[in-house]
Amino acid sequence: AQSVAQPEDQVNVAEGNPLTVKCTYSVSGNPYLFWYVQYPNRGLQFLLKYITGDNLVKGSYGFEAEFNKSQTSFHLKKPSALVSDSALYFCAVRDMKDSNYQLIWGAGTKLIIKP
Amino acid sequence: NAGVTQTPKFRILKIGQSMTLQCTQDMNHNYMYWYRQDPGMGLKLIYYSVGAGITDKGEVPNGYNVSRSTTEDFPLRLELAAPSQTSVYFCASRLTGGNYEQYFGPGTRLTVT
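For the record, the sequence lines run as chains A and B. For the first sequence, the residue numbers in the numbering used here are 1 to 115. For the second sequence, the residue numbers in the numbering used here are 1 to 113.
One or more hints might be untrue.
List time: in silico BS3-like cross-link candidates among lysine-lysine, alpha-carbon distance up to 25 Å [to be verified]:
#  : chain 1 : residue 1 : chain 2 : residue 2
1  : A       : Lys97     : A       : Lys69
2  : B       : Lys44     : A       : Lys22
3  : A       : Lys69     : A       : Lys49
4  : B       : Lys9      : B       : Lys44
5  : A       : Lys97     : A       : Lys114
6  : A       : Lys58     : A       : Lys110
7  : A       : Lys69     : A       : Lys114
8  : B       : Lys57     : B       : Lys44
9  : A       : Lys97     : B       : Lys14
10 : A       : Lys49     : A       : Lys97
11 : B       : Lys14     : A       : Lys110
12 : B       : Lys44     : B       : Lys14
13 : B       : Lys57     : A       : Lys97
14 : A       : Lys22     : A       : Lys77
15 : A       : Lys110    : A       : Lys77
16 : B       : Lys44     : A       : Lys110
17 : A       : Lys22     : A       : Lys110
18 : A       : Lys49     : B       : Lys44
It should be emphasised that the hints constitute simulated quantities derived from the structure, not laboratory data.
Could you put the whole structure together from the sequences, leaning on the hints where they help?
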């Protein structure tokens, strides 16, 4: 079955340190992968996507993600965390069996950046 | 450009009551979606629409209905509210084509008691 896993419910990082939020996936074929961020009491916002091309994808707010086909992973990264990065982060993958390209969502990872 | 708007922001329903959650987008997007978000869980797709007059069930459609009479509007109807429908509901939309980026509304927090 197709799925997305975010193995960490919560990630704690000190401000200024690099951060990584993990995502692994299981789909048939070439995946389309996405990261979204949700700030408190807000809707989700698109951060970045991988469809094809370079394995390192750059997105909004200084975030980037690395697609690793052999490890079926798409980890979100940022070189230097800000307190304002504290939010809920969702990884998603396109359902390759759905002609309308629905997304399969991970459960989310809460990122806490401490001053 | 307002994007995706949802009303109301909050609502408390009694068991058995009905209500409609409103969703409107002004981006001329063909695709629209309704999700629910339960604590500690990812988004679950309730219904979606690929254009005016066309709707289809998602992963968790039971207890809900939708309609899409215009490109802009995609209301979600709860007919007989149950405590299991306590959740945060998000509406989203996207363009047809290769971008796949979904734009989300701010959500409706619904409590059924």
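Status of the hints after comparison with the structure:
no. : hint                 : verdict
1   : A:Lys97 <-> A:Lys69  : holds (19 Å)
2   : B:Lys44 <-> A:Lys22  : holds (20 Å)
3   : A:Lys69 <-> A:Lys49  : holds (15 Å)
4   : B:Lys9 <-> B:Lys44   : holds (19 Å)
5   : A:Lys97 <-> A:Lys114 : violated (41 Å)
6   : A:Lys58 <-> A:Lys110 : holds (21 Å)
7   : A:Lys69 <-> A:Lys114 : violated (32 Å)
8   : B:Lys57 <-> B:Lys44  : holds (11 Å)
9   : A:Lys97 <-> B:Lys14  : violated (39 Å)
10  : A:Lys49 <-> A:Lys97  : holds (19 Å)
11  : B:Lys14 <-> A:Lys110 : violated (32 Å)
12  : B:Lys44 <-> B:Lys14  : holds (23 Å)
13  : B:Lys57 <-> A:Lys97  : holds (15 Å)
14  : A:Lys22 <-> A:Lys77  : holds (9 Å)
15  : A:Lys110 <-> A:Lys77 : holds (14 Å)
16  : B:Lys44 <-> A:Lys110 : holds (18 Å)
17  : A:Lys22 <-> A:Lys110 : holds (11 Å)
18  : A:Lys49 <-> B:Lys44  : holds (20 Å)
Figure legend: structure checked against the earlier numbered hints; hints not met, in rising order: 5, 7, 9 and 11.
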